[in-house]
Amino acid sequence: MWELPASGPMRVPGRVFADAELVDAIGEDGSLEQLRNVATLPGVVDAVLAMPDVHQGYGFPVGGVAATEMPDGVVSPGGVGFDVNCGVRLLAAPFAVGELGGGREALVHEISRAVPAGTGRGSGLSLSEEELEAVLADGPRALDGVEAEDIELTESRGRLESADPSAVSARARERGADQLGTLGSGNHFVEVQRVDEVHDRAAAEALGLREGQVTVLIHSGSRGLGHQVCTDFVKRFDAAGDRYGIRLPDRQLSCAPASSEDGRSYLAAMAAAANFAWANRQLIAARIRKAITAVLGAEAAAGTRQVYDVAHNVAKVECHGARDLCVHRKGATRAFPPGSSEIPERYRDAGQPVFIPGSMGTASYVLAGRPGAMEHSFGTACHGAGRLLSRTAARKQIKGAELRRRLEQDGIVVRSPSNRGLAEEAPFAYKDVDKVVEIVECAGVAVRVARLRPIGVVKG
Amino acid sequence: MPFRWIEHTGELELELEAASERGIFEAGFHAMRELMSTAESRERIEVPVSLTGADRAALLADWLGELAFLAETRGLVPDRVASLAFSGDGLSARIEGRAGDPPHLVKGVTYHRLSFERSGGGWRARVVLDV
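If you read the protein sequences in the order shown, they are chains A and B.
For the first sequence, my numbering gives the first residue as 1, with consecutive numbering after it.
For the second sequence, my numbering gives the first residue as 1, with consecutive numbering after it.
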């Protein structure tokens with residue numbers, strides 16, 4: 001761990017989870033300056049943190065964690081990010097990759113037909129005002145036919161109870177009304193995988209994972225609705241800054257005391273958007289199960305169970321060391337250790353499941369939270385591999401069609417609405433996920449349970 | 001050229017220069033139009049816009065955000081600013097364009113490194129877009 005000592009307007013130091021090589025890479029963009037800026041937030045405690053996958057973001061770095069003390073510490077929408085409750089859900093199929101055989105391409109193709117992808121409007125479930133209201137309040141519980149086990153095996157059981165749909169603007173509702181059940185774009189995806197290696201047999205058994213098994217990883221969030229919630233409140237808090245006497249080095253850090261009417265309003269709207277995102281991933285999962293039915297039959301689909309669902313863009317009020325803190329996780333995943341009451345009972349001995357997607361074509365990991373997370377990182381681990389190159393730089397190095405050819409040569413079936421978008425997500429545009437996970441494990445934050453390798457990807 | 005694009009890791013920054021404040025908003029419009037242009041479009045439409053902002057920088061962010069919103073929700077492919085007027089902390093405008101399916105590259109407009117200031121004899125602004 002590396003420390004940036006508190007200096008100037010910084011209220012606390014910054015701490016970076018990285019080795020010497022990653023620190024050099026981190027120094028190439030603006031993440032460290034952004035970390036210093038986050039450390040100026042009123043009410044921030046202990047240290048602001050950068051996970052090993054950190055990269056430059058808007059205001060807060062992506063891969064950043066900051067906690068402010070309630071009641072008067074601030075909440076900052078930029079510390080959650082535009083895509084509220086962007087997160088990852090892992091499904092485990094009852095069949096092995098060997099049993100899938102030639103059905104692999106058909107399955108990936110069917111998933112690409114079933115799950116709409118790309119930015120913008122349409123193709124999602126079109127919700128009435130009442131239906132949207134219910135989703136904002138209750139998340140996946142508002143949907144028809146949801147299995148109780150899926151709810152149980154979702155972080156916060158798929159609902160932040162502080163949600164208040166009335167705090168979500170008409171504009172946000174308009175953007176989200178027909179986007180439920182859609183993947184989005186950029187680095188969002190559905191990936192069909194195989195369990196390549198089990199690192200912790202007891203934990204893998206608790207999670208229902210075994211070598212050779214087919215899994216499906218979903219990466220998506222709250223779409224245009226969550227994006228608008230962030231936009232609305234960054235603007236509102238920016239305008240209110242003088243009223244609270246808050247001066248900031250970056251306007252995207254705009255914030256308000258969490259206990260103020262402004263702060264409570266944001267937390268209520270953010271929670272509603274988070275519920276929308278969990279409903280979104282629930283509906284995507286349902287569409288994936290239908291795709292499995294179409295290709296492999298009803299029994300295969302019925303046996304495809306949810307492992308867990310984690311958020312990696314969210315702010316939560318949590319108790320850490322007898323203090324109530326507003327923990328901002330922006331591109332960072334909660335990783336509670338064994339014994340935590342927040343973890344589903346069946347996983348409580350193993351530790352909270354954490355999913356770390358690698359870049360397209362590389363490995364992803366299943367981890368389990370460890371006590372070091374509570375000691376070092378407010379119960380938080382990384383969320384992915386972290387970008388190294390800009391989209392333009394990635395496109396300059398490879399054309400989408402060539403990347404598609406290389407992935408398919410490696411046995412990975414690819415479906416993407418755009419070759420341009422595909423090139424932007426090239427594996428070399430991201431950090432080495434093996435290294436990122438190794439650092440998290442060395443820090444005692446989480447341990448590896450299993451490594452997953454892609455056999456097909458549907459890109460957003 | 002009144003605008004240029006600057007790429008960073010995971011973001012797109014827009015730098016605008018103009019002789020007047022109004023020129024900055026027009027330059028921003030043209031930059032967004034460049035991103036949203038598409039060969040396929042249908043009937044002509046005209047959309048009224050009315051915005052307020054804490055300052056000119058925030059108003060500019062809102063202006064560009066409005067264009068992204070209209071593209072996303074109404075399929076507006078912007079063509080020209082038919083009228084643009086400023087009063088106090090706000091603006092009102094009429095945007096002409098066509099109904100279509102513009103590329104949805106811009107998800108929103110951030111306040112990160114947002115600036116709107118005098119530069120030489122004119123004005124310069126910077127806005128970072130979320131893509």
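Mixed in with the good hints there might be a few duds.
[Claimed, not checked] Negatives, chain B to chain A, calculated, CB over 12 angstroms:
| hint | residue |
| --- | --- |
| 1 | ILE6 |
| 2 | GLY23 |
| 3 | ARG42 |
| 4 | ALA57 |
| 5 | SER83 |
| 6 | SER92 |
| 7 | LYS107 |
| 8 | ASP130 |
[Said to hold, decoys possible] Here are some of the chain B residues that sit facing chain A, going by a computed Cβ distance under 8 angstroms:
| hint | residue |
| --- | --- |
| 9 | GLU11 |
| 10 | GLU13 |
| 11 | HIS30 |
Calculated from the structure, these hints are not laboratory results.
Yeah, the Cβ is synthetic: ideal placement off N, Cα and C, and Gly gets one too.
Okay, the hints, checked on the actual structure:
Distance to chain A contradicts ILE6 (chain B) as a non-interface residue, since its nearest Cβ pair spans about 10 angstroms, not more than 12 angstroms. Every beta carbon of chain A lies more than 12 angstroms from that of GLY23 (chain B), the smallest distance being close to 23 angstroms; the non-interface claim holds. No beta-carbon of chain A is positioned within 12 angstroms of the beta-carbon of ARG42 (chain B); the least distance is around 16 angstroms. The beta carbon of ALA57 (chain B) is not kept farther than 12 angstroms from every beta carbon of chain A, the shortest such distance being approximately 8 angstroms.
Every CB of chain A is more than 12 angstroms from the CB of SER83 (chain B) (nearest about 23 angstroms), matching its label as outside the interface. The Cβ of SER92 (chain B) sits about 18 angstroms from the closest Cβ of chain A, beyond the 12 angstroms cut-off, so the non-interface label holds. With 12 angstroms as the threshold on Cβ separation, the claim that LYS107 (chain B) sits away from chain A is violated: the shortest Cβ distance comes to roughly 5 angstroms. For ASP130 (chain B), the condition that its CB be more than 12 angstroms from all CB atoms of chain A is violated, with the nearest at approximately 6 angstroms.
Hint on GLU11 (chain B) holds. Least Cβ distance to chain A is approximately 7 angstroms, under the 8 angstroms limit. The interface hint given for GLU13 (chain B) is broken, as the beta carbon of that residue sits about 10 angstroms from the closest beta carbon of chain A, more than 8 angstroms. Proximity of HIS30 (chain B) to chain A is violated relative to the hint, the smallest CB-CB distance being about 20 angstroms (cut-off 8 angstroms).
Comparing the model with each earlier hint shows violations of hints 1, 4, 7, 8, 10 and 11; every other hint is respected.
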